[in-house]
Amino acid sequence: MTADKSFSGKIESRLDAHIEYAQGGHDTNHSNNNATTQVYRDQIDAKYNIQNLNKNDYLMILEETESELNFVFKQLKNKEGNIDPIEGFTVEMLPPEFINIKSAQCYNDSLKSWYECLVTNKLIFTNNNYNHKVKIKVKALSQGQGRMEFTAKSDTTGNSSLGKMTYPIIVGKSANVIQSKINFAENKSTLHISKGIYLGRISLDSKTIYLVGDNKESYLYYMFEDDESGFTKPSITLGKGSSINDFTIANHLLSIDESSAKIEFNRFDAIDFNLPSVNISNSGELIFERNILIGSALNTNYEVSSFQGNYHCPYINSSNPEKTTITKITNNIYLGNLLLHPDLSSGCDFINIDSDAELIMSNNTILGIDRVIRLFHNTSSEPYFNIHLENNIFSESRKLIDNISYSITSLEFSEHTKISIHNNIINEVTTPFVDLLNKEVEIGTIYVNPVLDNLGYPLSNSPVIDAGMQSNLDIDIFGITRPIDGDNNGSKIIDIGAVEFLSH
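The sequence shown runs 2 to 505 under our numbering.
These are calculated hints, taken from the structure and not from any lab test.
Glycine residues also receive a C-beta, built at the ideal position from the N, C-alpha and C atoms.
Be aware that a few hints might be false.
[To be verified] Pairs of lysine-lysine residues, derived as DSS-like cross-links and limited to a Cα-Cα distance of at most 27 Å, are as follows:
no.	residue 1	residue 2
1	K174	K48
2	K234	K174
3	K208	K165
4	K174	K263
5	K103	K182
6	K75	K165
[Unchecked claim] Beta-carbon label-pair distances, calculated as ranges:
no.	residue 1	residue 2	range
7	S195	T66	52 to 58 Å
8	T66	D110	38 to 44 Å
9	N379	T127	58 to 64 Å
10	L438	K136	30 to 36 Å
11	P97	N132	40 to 46 Å
12	K324	S207	19 to 25 Å
13	S161	K196	37 to 43 Å
14	S195	S161	52 to 58 Å
15	K113	S175	37 to 43 Å
16	S161	K234	29 to 35 Å
17	N71	G145	18 to 24 Å
18	I409	K208	38 to 44 Å
19	N79	K234	44 to 50 Å
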């Protein structure tokens with residue numbers, strides 16, 4: 002029997018056989034004269050995914066420039082551990098509207114050469130092997146951020162998809178347009194930045210500048226892959242009391258000099274485009290207010306891509322061996338990577354302190370992270386910390402304050418160290434305090450489920466409502482007046498956490 006090779010589904014056939022002497026004979030046992038066998042061909046089991054040969058798990062380029070993408074489309078083994086042969090392999094490409102595919106070359110393993118293989122946004126491969134290597138030249142037409150889609154097909158399997166893959170692409174303009182405004186502005190100027198994607202370094206440390214984005218639709222990213230210094234050199238520098246407000250920020254290293262700066266009402270998030278998050282280094286005084294921070298793991302599902310648990314984790318490091326740093330954290334929401342993946346080995350940390358420091362945290366909502374505060378004093382002297390936590394929510398996390406340096410150096414805290422923990426909600430925190438040497442003074446802690454939605458906002462039956470201790474805060478993370486009688490029960494007391502509950 003011969004089956005039509007153009008048909009890729011399962012084919013079954015039954016063969017019946019009967020044999021006996023036509024006119025009697027010596028075989029009088031007829032029980033084994035009949036036999037039946039099944040003949041079948043399994044349905045073709047061909048699936049593909051993508052191997053990323055580029056520097057990063059995303060492409061970031063300036064508008065009106067070109068770049069090359071390199072991939073291998075790799076056929077996976079079937080359930081029996083074999084490769085089903087297919088013919089006429091193709092890949093349909095759907096670029097985001099701000100990208101034009103200029104050309105593509107595919108590699109012929111037999112001839113050891115490249116050939117043109119692009120036909121109307123489709124890759125046509127002429128060789129029938131299992132790995133298909135391609136280099137694609139793209140041009141950025143305008144600003145935008147999205148994903149280029151790839152759909153693998155073949156002549157053998159017809160219109161059926163053999164695999165769908167995506168690759169993030171971000172196109173922006175140079176951040177020089179922002180820097181030029183800063184350079185020509187007077188001291189203590191407020192600069193409003195229009196919606197757009199801005200790529201590059203920004204310096205806000207030579208004079209006082211208040212930089213304001215447009216409803217978080219002004220995006221600040223940095224192309225570290227084009228910088229030989231990598232993540233070792235700050236990409237945004239702040240000082241002289243400058244501030245940055247109402248942006249979406251990712252893939253940046255922010256640095257506050259020995260003076261002061263304010264980071265307010267921003268969103269630290271770019272997980273949809275595989276971008277790393279932001280590291281903030283404070284050497285002076287940092288006011289960090291009303292920000293939303295998103296922590297996430299990365300799983301690209303490419304052929305060669307390890308699962309990275311703490312890939313996207315906004316992080317503050319407070320360090321200055323010459324002076325005591327001051328960090329004030331108020332009205333922020335941090336949604337960590339452990340919320341979606343509680344079993345990750347690497348959870349997000351929020352604040353690291355490795356020199357003498359003062360830290361005040363008020364009315365924050367911190368969910369699903371590994372360590373809220375990590376103390377690591379790397380000098381030979383006894384460390385000094387003045388830490389005050391009040392009206393915060395800490396939930397679904399592993400540690401609140403972890404003095405990891407003690408297990409290494411066995412150094413006691415200085416006699417002036419104070420750790421006060423007043424009127425916080427702690428819920429499902431595995432080990433709240435580690436090696437604090439009885440320095441912590443805990444008053445009014447409420448061990449209860451805060452009853453929040455998945456964005457960290459309190460529900461109508463949340464115990465955070467009207468449960469805060471007296472505070473001089475007058476607004477919450479969204480600018481709502483504090484305190485208000487949000488639940489209409491006649492009581493006007495500040496709520497615990499970053500959000501003041503407002504019934505509708």
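Hint-by-hint comparison with the structure:
Note on K174 and K48: the hinted pairing is violated, with a Cα-Cα distance of about 38 Å set against a maximum of 27 Å. For the proposed pair K234 and K174, the alpha carbon gap of about 21 Å is at most 27 Å, so the pair holds. The suggested pairing of K208 with K165 is violated, with an alpha-carbon distance near 50 Å, which exceeds 27 Å. With a C-alpha separation of about 25 Å, the suggested pair K174 and K263 falls inside the 27 Å cut-off, and the hint holds.
With a C-alpha separation of about 35 Å, the suggested pair K103 and K182 falls outside the 27 Å cut-off, and the hint is violated. Note on K75 and K165: the hinted pairing holds, with a Cα-Cα distance of about 12 Å set against a maximum of 27 Å. A hinted range of 52 to 58 Å is violated for the C-beta pair S195 and T66, which are about 21 Å apart. About 31 Å separates the C-beta atoms of T66 and D110, a value inconsistent with the hinted range of 38 to 44 Å.
For N379 and T127, the hinted distance range of 58 to 64 Å is satisfied, since their beta carbons lie about 59 Å from each other. In this structure the hint that L438 and K136 lie 30 to 36 Å apart at CB is violated, the actual value being about 59 Å. Between P97 and N132 the C-beta distance comes to about 26 Å, which lies outside the given range of 40 to 46 Å. For K324 and S207, the hinted distance range of 19 to 25 Å is satisfied, since their beta carbons lie about 21 Å from each other.
Evaluation of the 37 to 43 Å hint for S161 and K196 yields a pass: the beta carbon distance comes to about 41 Å. Under the hint 52 to 58 Å, the C-beta atoms of S195 and S161, about 46 Å apart, miss the expected range. About 40 Å separates the C-beta atoms of K113 and S175, a value consistent with the hinted range of 37 to 43 Å. Taken as a hint, the range 29 to 35 Å is violated for the pair S161 and K234, whose Cβ atoms sit roughly 49 Å apart.
The hinted window of 18 to 24 Å between N71 and G145 holds, with their beta carbons roughly 22 Å apart. In this structure, I409 and K208 meet the distance hint of 38 to 44 Å, their C-beta atoms being roughly 41 Å apart. Distance hint for N79 and K234: a CB-CB separation of about 49 Å, consistent with the stated range 44 to 50 Å.
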